[in-house]
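**Q** Sequence:
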Amino acid sequence: MAFEPEIARQQCAAIFEDDEARTKFIETWKQSAEERADSWMDSRDGSQSRHRFLLLWIAEIVEYLVATGKVARSSNGPKALDPRWPIYGPYFEPPTYLHQMLREVTPQIGPEITYLKRCYAVHWIFLEALRRCPKCHGKRLERSGWNPSGPREVHGLFREEMAIGIQLRCLDCAEKYGKKNKRSSGDLDKRYCWTTTSADFWDQFEHWELPKGLPHFFSRSAVSSELFDFIVEMRLKSTSAGLAENIKQLHLLEYHKQHHQYLQAFHARTQQMTIVKQTKPLVPYSKPFSKKVGQQKGGYDNRSISDDLITMILLKFCNETRIKESEEHMRTLSAVTISVDTTFRCAYKATLVDKNKARVRSHLGGFVSILNQKSQPISWRLCHSQSQVETQEMLSGLSTRLHCLELPPPEIMTADNCCQVRNTALKVFPDISVVQDVWHFLMRYLVCVKDGTKNPYRGEVANNIVHAILKVKAANGVPAIYRSQPEQEERLVKVFNKWEEHGGVWTAAAAKVHETQLAHVEKGCLSRPRDDVASDGSRIEGSHKGWNSIMRAFASGLEVMNALGHDHVLRHNVRLDMQDEALDKSMFMYHTHGSHHVRLVDACAKLWNTLIEGQKRGGALPANIRALPELHPADSKETFGLVKMSTETAMQYSLAKVKQEPGDDTLDLSSQDMLDADRILKEIGVDPALLKVPPPSTPAETSVLAIAPAASPPLTAPSNALDRPSVPTSSSGVNSKGKGVKRSLVNDPADDDVIELSAAEWGLPKDWFPASRAATSTSRVAGPL
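At position 361 of the sequence shown the residue is numbered 866 (the working numbering), and the sequence of numbers has no breaks.
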């Protein structure tokens, strides 16, 4: 409801029966508002709005609250207001041209009414929190007037706002710290006077504990509750600068709407056929903002939020609430199988700035995360190095958590470097099976395919290799079914030999890679002790998309990246919890309904249960009144994200050689970019130089140009090509005219369609096909391939 000062005065004066008392009340109100507005004008500095029309309107609000406080308070305590007394607040909305046209027959239209900003009154009438001391919680408070400099500026989502507060003095704290025990300036522990629009007064409250609608106050600025919630919700997928620009555009949109509203109202007024004409002239509308803060002469004075303030709000929110609730929720999660992996490029965004203002990477070990069978991160850390000590610390924390939750340890651990981490895992979980994931296993073969993704057989090779390991791929929530170890070994050997005999597929590095990977199969690293739960680490590669979406294509400070990491993990885990078919009303996450503000939900559940306990003393409760489940994190003392380096890690960090990767900030998870051949081969001890060495010639390779399928089948397409005979090939790659031959329908040689292509049409060098007979050119064609 809009606050119209003239109407509010008349409504409040109606409770007085005497005409003289009513007139005196109105005149006193008007005079006090004028004097207060003048006082504010003199005491406000250059960073605050000084438009008198705005200050006078807020001074009218103050006079209303003063009068309401006197009426609502008596010597015998609080009393009910007279039914005729109007109730406004705590948000006071400015009137519009509609109010002006309905209140006056011949209104004088001016732009000033659109310069008014809505104002929040932080007053004890509306807020129970202002009736006790924020430090000692005592109720002996003395209200000593209003903020002497007037209302505070508040950044809003669509437009700037204002907030006016009172001054409070705790008598108990004054007796303890005042006069005799004079406090030093800036000693907040001994403070006993506050302004209700100061950051210190609300410092002990989490964001969800604040009264609904109350702005969030900081040392130098304030933001509305809507803007705060918008920043919290949108900052994870954006940047501070990008979000500040979005908000600025919303402000400019509102500015132009207000301008248009003024012009429409003025035009409508000039069209009225009345005796009293529009005397106020049409004037230029105020600019939306000025480069010089607080120097707006027109009155609109609309400065939007800065990117630095958005970053500060994010860090305050995360440090006070999000990091704690993310860790608490993570300490309630368990696992039957776990997957461990590291992503580096996202971690390289997190930097520090040295004394020379250069960005320095402090955590070269990357983001190490542990996922359970539901793909939920149950532990993660920014690691200083790639030593096994930090991995062991994470696994030890998980072991302590499961012990506190009275749950069994995980049965399977999946990692791309299974044999390297096996001893580390067995130190923590003696009975765990450490296995390798199919994705990394497959990629190590595919980097040895000649010509990479351009090879027409690459997709079929991939399907053959996967089919050698798996009976059935995972689909629609059903986990993959693995073959036994002897069957895997037998089929993998057949697949490799098949394509080696076929020719035109493997590079010189393939034999070494096959030997290394076959050793993993022989050890049982690709088999699984159980198939009823997801145990393949390929899912963790998909989780890297989420990590990389944080500050995508932008560098970030270490503290911001840590805060965003906690935010990302909590949102991701809550979303997966809500997709769990086993979720029911007995579980805490069911009652969040998908909200990631789990501490707020937990506070509601605890308060509800407390009220129920009080109701039980009065008798039996209705059947539909039941206690709600609360959040019970394990007391495992685990910390996640940015953690303090232990002594053991520091020793390893000083000795270990840290893996380096390209420092680009974006990470495209397409197969082409993830297939870094040099990196993959180095991980398994194969010389990447072998990729450039021509493989030994085989008879089948002389006909590789004769087989050129139109396109390679996709990697995910099902294939039973393991036992399929190789496609018949031609004995010649060129004809007698020196032109290349491409055959189709080769299953029936009699029906082959022979297509002659020139050297230019093949896209090859001019001297690639000699002009001699095909029989003499075959070996030359097959050799370079």
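A few of these clues could be false.
[To be verified] With a Cα cut of at most 20 angstroms, we get these calculated SDA-like pairs of lysine to any residue:
(1) Lys1050 x Val977
(2) Lys742 x Ser1054
(3) Lys782 x Val933
(4) Lys879 x Lys717
(5) Lys1050 x His1073
(6) Lys717 x Thr611
[To be verified] Computed beta-carbon distance windows for the label pairs:
(7) Glu598 x Ser552: 23 to 31 angstroms
(8) Gly1047 x Lys860: 35 to 43 angstroms
(9) Asp812 x Pro716: 35 to 43 angstroms
(10) Lys959 x Val983: 50 to 58 angstroms
(11) Thr1144 x Lys959: 22 to 30 angstroms
(12) Met817 x Ser1054: 19 to 27 angstroms
(13) Met817 x Val781: 26 to 34 angstroms
(14) Asp812 x Val788: 29 to 37 angstroms
(15) Val858 x Ser654: 32 to 40 angstroms
(16) Glu714 x Lys535: 49 to 57 angstroms
Everything labelled a hint here was simulated from the structure, so no lab data went into it. All figures in this text were calculated on a predicted structure; none of them were measured in a lab. From the three backbone atoms N, C-alpha and C, an ideal C-beta is built for every residue, glycine too.
**Q** Could you run down the list of hints and mark each one as holding or not?
**A** Do the hints match the structure? See the list:
Among the hinted pairs, Lys1050 with Val977 is inconsistent with the structure: their alpha-carbon atoms are about 26 angstroms apart, more than 20 angstroms. Distance check on the hinted pair: Lys742 and Ser1054 sit about 7 angstroms apart at the alpha-carbon level, within 20 angstroms; holds. As the CA atoms of Lys782 and Val933 are separated by approximately 88 angstroms, the hinted pair breaks the 20 angstroms bound. For the suggested pair Lys879 and Lys717, the alpha carbons sit about 36 angstroms apart, so the restraint of at most 20 angstroms is broken.
Pair hint Lys1050 plus His1073 holds up; C-alpha atoms about 11 angstroms apart against a cutoff of 20 angstroms. Among the hinted pairs, Lys717 with Thr611 is inconsistent with the structure: their alpha-carbon atoms are about 39 angstroms apart, more than 20 angstroms. The given range of 23 to 31 angstroms is respected by Glu598 and Ser552, whose C-beta atoms sit roughly 25 angstroms from each other. Against the hinted window of 35 to 43 angstroms, the Cβ-Cβ separation of Gly1047 and Lys860 comes to about 40 angstroms, which satisfies the hint.
For Asp812 and Pro716, the hinted distance range of 35 to 43 angstroms is not satisfied, since their beta carbons lie about 28 angstroms from each other. Between Lys959 and Val983 the CB atoms are about 34 angstroms apart, so this pair departs from the stated range of 50 to 58 angstroms. One distance hint, 22 to 30 angstroms for the beta-carbon pair Thr1144 and Lys959, is violated here, with the actual separation near 47 angstroms. Roughly 23 angstroms separates the CB atoms of Met817 and Ser1054, a value that falls within the hinted 19 to 27 angstroms.
A hinted range of 26 to 34 angstroms is violated for the C-beta pair Met817 and Val781, which are about 52 angstroms apart. Restraint check, Asp812 to Val788: a C-beta distance of roughly 34 angstroms satisfies the suggested window 29 to 37 angstroms. A hinted range of 32 to 40 angstroms for the beta carbons of Val858 and Ser654 is consistent with their spacing of about 36 angstroms. Distance hint for Glu714 and Lys535: a CB-CB separation of about 39 angstroms, inconsistent with the stated range 49 to 57 angstroms.
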